[in-house]
Amino acid sequence: MLRVVRLTSERPFPRATVEDELLPLAQAAGDGDVAALRTLLTCVGPQILRVVRRVVGAQHPEVEDIAQECAVEFANALSRFRGESSVSHFCSRVALGVAMNKRRRHRAQKRAWDRAEAVEADDADGHYVQPDQHAAARASVALARTLCDELPPAQAEVLALHCVLGYTMIEVAAICGAPLETMRSRLRAAKSVLMARARAEPRLSELLEDLR
Amino acid sequence: MSSAEPTDLLCRARREALSADEQRRLDELLATSAEARLVRGMLTELDRESRVRAGDDLLLARISAHVVAERRFSRPVRRRSRAPLVLIAAALLLVVSVASAWILTTSSRARSALGTPASAGAKSPAPRAKAPPSRVLLAPPPAPTTTEDIPQEEPVEAPVEAAPAAPSADPSAGQAAQTRVRRTPASPSVGKSPVELFAEANRLRREGHAREAMDLYERVVRESPAAREAAPARLALAKLLRTSDPQRALLQFRALAAQGGALRAEGLWGVAETSMQLGSTALEAQALSNLVSEFPNSPYADAARSRIANGSP
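As you go down the protein sequences, you meet chains A and B in turn.
For the record, in the first sequence the residue sitting at position 132 is 132 according to this note's numbering, with numbers rising by one throughout.
For the record, in the second sequence the residue sitting at position 115 is 115 according to this note's numbering, with numbers rising by one throughout.
Please keep in mind that the hints were generated in silico from the structure rather than gathered at the bench.
Idealized CB from N, CA, C, for every residue including glycine.
Treat each hint with caution, since some may be false.
Residues of chain A clear of chain B, computed beta-carbon distances all greater than 12 angstroms [as the list claims (entries may be wrong)]:
1) PRO24
2) ARG80
3) ARG82
4) ASP149
5) PRO152
6) CYS176
Covered by chain B, according to a simulated footprint, are these stretches of chain A (three or more residues, beta-carbon under 8 angstroms) [unchecked claim]:
7) 31 to 41
8) 60 to 71
9) 139 to 146
10) 160 to 166
11) 190 to 197
Please work from the sequences and hints to get the whole structure.
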């Protein structure tokens, strides 16, 4: 029994510590090594940018500012990083938190935030077979972003990690450091609201009706 | 795999090849579940929206340089800045007390001299015993480097106080002293240190209050030009000014570049960007060539080289 307690207290997340290539860099950067911080930012920078674009929209005028805030916050948070998840996941969570807060704040200030989510004719890149599909996809993204603003923070975080950033639920549980079942129940609650809103959205009705 | 969320397959399918069985289950799921189709639509659109774009490498290099510079400046500031500040405050107190003691002694001498008729005829110290010398004494310390630091970006204001300047052979020096005397008491931020002002400005900028942040950055630059926060404040001010007032932004970037130090590369890049915005190709070319020659390994150097090679400036 004592051995079990000792082992689990020493290595609570053995996978993260063994496999994470960025961990030494993160530790050095957290200790104030500027060169390590620069290298680490080079590694995780694209990921930060990706998270910001997914949360606030690629056309948003403040993408660079928000990404910069995320990077600053990530650098500041490194001293608190305990290796409970991978550095990459930790970075995603920090960036997600900053970007979602920024979105909520702008929404509270009633700024014209969702202008970029309107369908623009010159934005089509041939990916979608029909314009309706494109419109429906964009409407679903807008809906997810709106729900991330409106849902309770815990549910919004799980919804964003799974449906916006595309992490599996096992990864979501590791990122949040919470039990899988807790995460799944939060996701269920968030998805029920998502589906109710989607059924009320005319642009999504065709997509949903096909399946009835 | 009962513990897996059905939509997990969608997430995995975008990153890795699924097995035949998993692919079959995913197809079934998409055919039967509205939720799965909705999530698939979202993820596909978000993949498209967050794809890598041209210029991302430069954007990330800028972000990385900014974060590193901010960490470099913010770390030692809190630990080291206290001692010099205390020393400066003590030195100022000493100067003020010596000056006031000197004024008191000279004025008392003058009074006593006026009171005795014998010495009254020998000297006439009455005009020299007035208060103005204290201002003249206090004015010089923060003088020459500070005003040179801020080239032309400061709006020229009319003199407010008719402070009697010391007789000087150089009229411009007198004017500068007069400006200094006017500015020092007019500043309402006597109680706040540049560290506090800078932190407050950063907070305002993050919250989206650009104008208020600019005011505070400007105060840091103007009132504490020798502080460690002055250069990052100038950089932040210049960046904020770029959209609203590129001319002033250019002046701030040039001042930053002229100061040298860790932010010279940032200053030169800002000069290049802003002068391009203003159509000043000669200045842009000069800034880019300086950037390449002085900072060949900086994140901006590659971009500068390609712009020079493409004949952008």
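Exercise. What are the numbers of the hints that this structure violates, sorted from low to high?
Worked result: The structure breaks none of the hints.
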